[in-house]
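When you get a sec, could you build the whole thing from the sequences and use the hints?
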Amino acid sequence: GDSVTQMEGPVTLSEEAFLTINCTYTATGYPSLFWYVQYPGEGLQLLLKATKADDKGSNKGFEATYRKETTSFHLEKGSVQVSDSAVYFCALSALGNYQLIWGAGTKLIIKP
Amino acid sequence: DVKVTQSSRYLVKRTGEKVFLECVQDMDHENMFWYRQDPGLGLRLIYFSYDVKMKEKGDIPEGYSVSREKKERFSLILESASTNQTSMYLCATSGGLYEQFFGPGTRLTVL
Numbered sequence: 015g016d017s018v019t020q021m022e023g024p025v026t027l028s029e030e031a032f033l034t035i036n037c038t039y040t041a042t043g044y045p046s047l048f049w050y051v052q053y054p055g056e057g058l059q060l061l062l063k064a065t066k067a068d069d070k071g072s073n074k075g076f077e078a079t080y081r082k083e084t085t086s087f088h089l090e091k092g093s094v095q096v097s098d099s100a101v102y103f104c105a106l107s108a109l110g111n112y113q114l115i116w117g118a119g120t121k122l123i124i125k126p
Numbered sequence: 002d003v004k005v006t007q008s009s010r011y012l013v014k015r016t017g018e019k020v021f022l023e024c025v026q027d028m029d030h031e032n033m034f035w036y037r038q039d040p041g042l043g044l045r046l047i048y049f050s051y052d053v054k055m056k057e058k059g060d061i062p063e064g065y066s067v068s069r070e071k072k073e074r075f076s077l078i079l080e081s082a083s084t085n086q087t088s089m090y091l092c093a094t095s096g097g098l099y100e101q102f103f104g105p106g107t108r109l110t111v112l
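The listed protein sequences derive, respectively, from chains A and B. For any residue, its number in my numbering is found by taking its place in the first sequence, counting from 1, and adding 14. For any residue, its number in my numbering is found by taking its place in the second sequence, counting from 1, and adding 1.
What the hints contain is simulated information worked out from the structure, not anything from laboratory work. A few of these clues could be false.
Not the full set, but computed from the structure, chain B residues with beta-carbon under 7 Å of chain A [unchecked claim]:
1) Asn32
2) Pro40
3) Leu44
4) Tyr51
5) Tyr65
6) Leu91
7) Tyr99
8) Glu100
9) Gly104
10) Pro105
11) Gly106
Anything over 10 Å on all C-beta distances counts as not near chain B; from chain A, calculated [said to hold, decoys possible]:
12) Phe32
13) Leu33
14) Glu56
15) Asp68
16) Lys70
17) Val96
18) Gly117
Values in this document were obtained by computation on a predicted structure and should not be read as measured data. Beta carbons are placed, not taken as given, at the ideal position from N, Cα and C, and that holds for glycine.
What follows is the structure, encoded as structure tokens:
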């Protein structure tokens, strides 16, 4: 069945470092792909999405490109801030399916 | 903006109690979901509903039931709470096949 694999955390970086959180997926057809973020004590919120191959989603300085050839949707940011400390979830939505398939989440810790 | 509210942010119950968690959305979305979130396990789907009075089991429905009498409200019921149901519970809604919108979560502790 469909699945999402993302890198285990926690990932600890210094402020202004470059961030990559890896996400790969297994799915039939052409799923939509998402990154959600969960700040401490809050629910999840959509960070960015891409609905077809080669699409690039971007928001708040974060980017991710839908790579069908490598079945990946890696999250990147050029210069992280302490306020980016959160848990990041990669997810996919298969065509015609109400549900999202979730990765396990990656905790990001940014030190000043 | 979509607003999803959950009845409590924190809840403490005793083993064997019947527990109700309520979720209300104001965007007329058809689909609603209940998840639990545990460290190292990510999000696991308990139940979802794609219409009033309709429900589908998710990955871990055992020990839970749900009710959706009105479109805007989706309730999760723990018939007899147990300590292994201590968790963060997240409600989400979706108006289509794609993105979901989440409430702030209820952290339930069962003693």
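Now the hints, each set against the structure:
With its C-beta approaching chain A no nearer than about 5 Å, Asn32(B) sits inside the 7 Å limit, and its interface hint holds. Taking 7 Å as the C-beta contact cut-off toward chain A, the hint placing Pro40(B) at the interface is violated, the least distance being around 9 Å. Using the Cβ-Cβ criterion of 7 Å, the hint placing Leu44(B) at the interface with chain A is satisfied: the shortest such distance is roughly 5 Å. A cut of 7 Å between beta carbons decides the hint on Tyr51(B): the least distance to chain A is about 6 Å, and the hint holds.
Checking Tyr65(B) against chain A: minimum C-beta separation of about 16 Å lies over 7 Å; hint violated. Given the 7 Å rule on beta carbons, the hint for Leu91(B) holds: about 6 Å separates it from the nearest Cβ of chain A. Interface hint at Tyr99(B): satisfied, since its Cβ lies 5 Å from the closest Cβ of chain A, which is below the 7 Å cut-off. Interface restraint check for Glu100(B): the shortest CB-CB distance to chain A comes to about 5 Å, inside 7 Å, so the restraint holds.
For Gly104(B), the interface hint holds, the least distance from its beta-carbon to any beta-carbon of chain A being 5 Å, beneath 7 Å. Checking Pro105(B) against chain A by beta carbon gives a least distance of about 5 Å; that is within 7 Å, so the hint holds. Against a cut-off of 7 Å between C-beta atoms, the interface hint on Gly106(B) holds, since the closest Cβ of chain A lies about 5 Å away. Distance check for Phe32(A) against chain B: the nearest CB is about 25 Å away, which clears 10 Å, and the non-interface claim stands.
Non-interface status of Leu33(A) relative to chain B is upheld: no Cβ of that chain comes within 10 Å, the nearest being about 20 Å off. Distance check on Glu56(A): its Cβ comes as close as 6 Å (rounded) to a Cβ of chain B, failing to clear the 10 Å threshold; non-interface status is violated. The non-interface label for Asp68(A) is consistent with chain B: the shortest C-beta to C-beta separation is roughly 18 Å, beyond 10 Å. Every beta carbon of chain B lies more than 10 Å from that of Lys70(A), the smallest distance being close to 17 Å; the non-interface claim holds.
The claim that Val96(A) is not at the interface with chain B holds, since no C-beta of that chain comes within 10 Å of its own (minimum 22 Å). Non-interface call for Gly117(A) relative to chain B: violated, since the shortest CB-CB distance, roughly 7 Å, does not exceed 10 Å.
Checked against the numbered hints given earlier, this structure breaks hints 2, 5, 14, 18; the rest are met.
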